[in-house]
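Asks: The residues making up each chain are set out below.
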Amino acid sequence: MDDLQVMEEQGSSLWRDAWIKLSKNYLALFGLGVIVLLCIVSLLTPWIAPYGYEEQDLMLGATAPSLQHWLGTDIFGRDMLTRIMYGGRVSLMVGFIATAVALVIGVLWGAIAGFVGGRVDAVMMRIVDIMYALPFMIFIVLLMVVFGRNILLLFLAIGAVEWLTMARIVRSQVMSLRKQEFVEAAYSLGLSQWTIIRRHIIPNTLGPVIVYTTLTIPSVMLLEAFLSFLGLGIQPPESSWGLLINYGVETMEEYPWLLIFPGVTLSLTLFALNFLGDGLRDALDPRTSKD
Amino acid sequence: MKPQVPVSTSSAFFTISLILLCSLLLGSCGSSENNVSKGNRTGTLHWGNGTEPQSLDPHIATGVPEHKIIVALMEGLVLKDSKTLEPRPGVAESWEISDDGRVYTFHLRDNARWSNGDPHNAHDYVWSWWRALQPALGNLYAYMYFSIENAKEYYEGEISDFEQVGVKALDDLTLQVTLKNPTPYFLQLLDHYSLYPVHQATVEKFGTADQRGTRWTYEGNIVGNGAFQLRDWKINRRVVVERNPYYWNADNVRLNEIVYYPTENAITEERMFRAGQLHYSGTVPADKIATYQSNNDPALRIDPYLGVYFYRINVETPQLQDKRVRRALGMTIDRDQLTERILKAGQIPAYAITPPGTMGYYPESDLRFDPEAARQLLADAGYPNGEGFPSTEILYNTSEGHRKLAVAIQQMWKKHLNIDVTLLNQEWKVYLNSVSMKDYQIGRAGWIGDYVDPNNFLDMFLCNGGNNRTGWCNPAYDKLILEDAAEAETHEQRLAIFTQAEKMLLADMPVIPIYIYTSNNLVDPSVKNFSGNILNQPSFSEIYLESDNGGQQ
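Protein chains in written order, with my numbering: chain A, 195 to 485; chain B, 202 to 754.
By construction, these hints were calculated from the structure, which means they are not laboratory data.
Hints may contain errors.
Stated by the list, open to error - Just the calculated beta-carbon pair ranges, DEER-fashion: (1) A:P259 with B:N457: 46 to 56 angstroms; (2) B:D504 with A:W241: 48 to 58 angstroms; (3) A:V335 with B:S637: 14 to 24 angstroms; (4) B:N665 with A:V335: 30 to 40 angstroms; (5) A:V443 with B:G647: 23 to 33 angstroms.
We treat Cβ as the ideally placed atom computed from N, Cα and C, and that holds for glycine.
Kindly generate the complete structure, drawing on both the sequences and the hints.
Replies: Given below as structure tokens:
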């Protein structure tokens with residue numbers, strides 16, 4: 195009886211509290227709104243984009259923003275708004291998929307290492323150390339050579355090198371939580387190990403994990419641009435925000451709008467993600483949930 | 202690039218302030234004196250060389266960036282005047298040509314030395330040319346020797362005795378070369394690095410004569426006979442050469458040092474130039490040209506350039522085996538738009554491989570921009586409206602200029618032929634390797650004249666030409682170039698044979714000509730005696746530095 199009551203009260207209040215708190219945080223709500231909007235636009239892009247993303251008009255060339263082309267055109271006469279919309283599809287997809295891969299591997303790896311401890315922990319963390327020491331570029335290039343230049347594999351490859359830090363963060367959190375009094379108290383109340391992980395450990399690690407996740411998404415987006423530039427990622431005529439910025443930098447003195455618009459879009463996304471991440475961390479922190 | 206670990210905002214702030222601090226420190230260093238004004242004081246030329254050299258072995262290298270370094274380190278029998286391109290004495294002080302134009306007798310200078318002080322004589326040439334013709338060396342330029350009697354036969358293994366090849370040292374300072382036919386451009390060939398001598402003792406110290414990629418060309422090992430010697434070679438950072446005191450004309454060399462920077466990114470190189478870090482940059486990003494022109498900047502020099510930009514087609518690729526497909530690809534590139542809207546530096550659309558006006562030769566070409574006829578050709582080849590045409594890949598070496606052109610052409614083919622093309626970029630050395638291994642489908646290529654003669658462009662596509670790399674082989678074409686043109690009695694007859702050969706080449710289209718280069722250089726005003734010739738070959742032994750306003754840039 196007691197057991198059940200405790201679970202019900204805590205379980206329902208954490209998420210409901212979190213939502214109530216989040217809805218009072220306007221910056222976080224703004225971030226959430228921007229991200230939802232971007233996702234919707236990205237999903238609908240093939241139907242709502244004003245032009246084709248590869249449609250060139252060499253005679254037009256690079257033009258400043260106008261009524262026909264709201265964000266101007268690039269040197270091939272391609273509409274920038276369309277390019278940014280299509281680029282967003284790739285960038286957001288890379289951001290979310292690669293981060294999800296990193297998140298799943300990192301959290302599982304870190305939680306197991308931290309909770310089990312001992313020899314298992316030592317072996318698992320040495321593996322992480324070894325992966326850290328590997329030059330990350332060589333690792334991705336090897337993955338791309340073995341598996342071919344496939345865009346989904348690129349996402350996985352990036353995810354597969356980004357989980358290391360996540361694993362370390364989660365492990366350290368779990369290790370410190372394992373010895374906390376409220377965990378001991380939960381043990382003494384007879385809760386099973388799995389329930390403790392689920393009810394106490396994971397909610398307490400959520401804060402740092404969410405913050406790190408929101409920071410991983412942008413770094414992954416930039417990584418993709420870097421790899422594409424080397425010829426390992428997305429190739430023209432397809433594009434991503436990182437690539438658009440990369441090309442924009444080349445001609446920023448002549449055609450500044452080619453840099454400004456993709457730059458502003460990417461920055462806005464990153465801000466939105468950070469605001470949302472901050473808001474979520476505050477909202478999900480179990481230590482403040484009983485205010 | 203390691204994954205970054207932004208743990209907290211305070212550490213991010215710390216990082217940013219650190220970066221700001223560093224840039225402030227660097228900025229203050231830079232403002233005291235930049236490379237150019239310092240170089241003008243010390244006689245150091247800072248040269249933007251585009252990319253990391255593939256090799257400094259003159260019998261292995263094939264590229265322009267390598268050429269710019271090798272001409273400083275080594276020298277041939279005959280030099281070209283940097284303005285008129287007329288032959289003038291190099292290692293050979295004088296020479297005689299027999300009445301039938303087949304026997305050349307060179308008299309070498311008795312004061313010519315290798316950079317380690319060893320005497321440099323006629324035997325060095327016999328040995329070096331023997332080395333260059335060893336098939337195991339894999340010298341892609343071996344066909345440059347084929348005008349010499351029996352050189353082709355020796356290279357192809359028909360004769361095994363090098364004594365029969367037309368090159369002999371009559372004594373230490375006299376070299377006699379016998380040609381198969383009178384060859385009007387032979388003296389020009391001698392200034393090409395594939396015919397430069399190499400130092401036998403050094404080559405053999407680090408491996409056998411026909412071994413590729415030994416350490417003999419490395420810093421501290423290489424011995425040359427040019428105006429400069431290698432002092433420092435840091436991969437992807439710089440190549441430094443300094444005066445060679447043993448050079449026969451050392452007294453007249455005015456530069457003390459040349460520093461070559463391998464900057465693959467043209468945008469970066471242009472910025473380095475503007476920041477006064479380079480005296481010279483060989484590539485100007487197309488979008489910057491208008492800015493330089495509107496500022497009337499004297500640094501920008503656009504000169505005619507004897508070179509052609511083209512796409513090689515690997516004719517062994519299944520979907521590209523049919524010449525109708527290749528013609529269709531060639532006919533759907535709108536070269537006028539490319540040169541006017543993308544390249545923007547006065548390049549000329551190319552419809553043939555040889556640049557028009559090379560020694561009075563104007564190629565005839567039936568290649569036109571004609572999407573309608575191209576679609577018909579593609580349909581005849583079994584791909585009506587591009588249906589069923591497998592995705593094809595364009596390979597180019599990493600550079601924003603090549604990328605832009607490839608993106609535009611990709612879209613032209615998509616629009617006019619409805620075929621899908623993907624792009625692949627590789628770093629210069631990897632790209633050169635892929636192309637010579639024929640591990641590509643369509644590959645970007647450029648060919649700059651080694652000497653001024655149509656032969657230089659057309660003999661590239663001989664069946665066993667090292668720089669053919671397309672898999673295309675036509676014995677009738679080989680016969681025209683190697684026999685008919687070589688044996689032609691008059692200049693007009695010779696040109697007529699070239700015209701015929703070039704038509705044959707264009708009909709099969711193993712290569713798609715795109716445009717004729719212009720050489721776009723950024724040259725600091727303090728660089729004197731820099732003469733833009735149509736081969737864009739600088740003469741480092743003549744260049745000197747002098748700032749017009751007391752070192753201020």
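Asks: Failing hints, ascending?
Replies: The structure breaks none of the hints.
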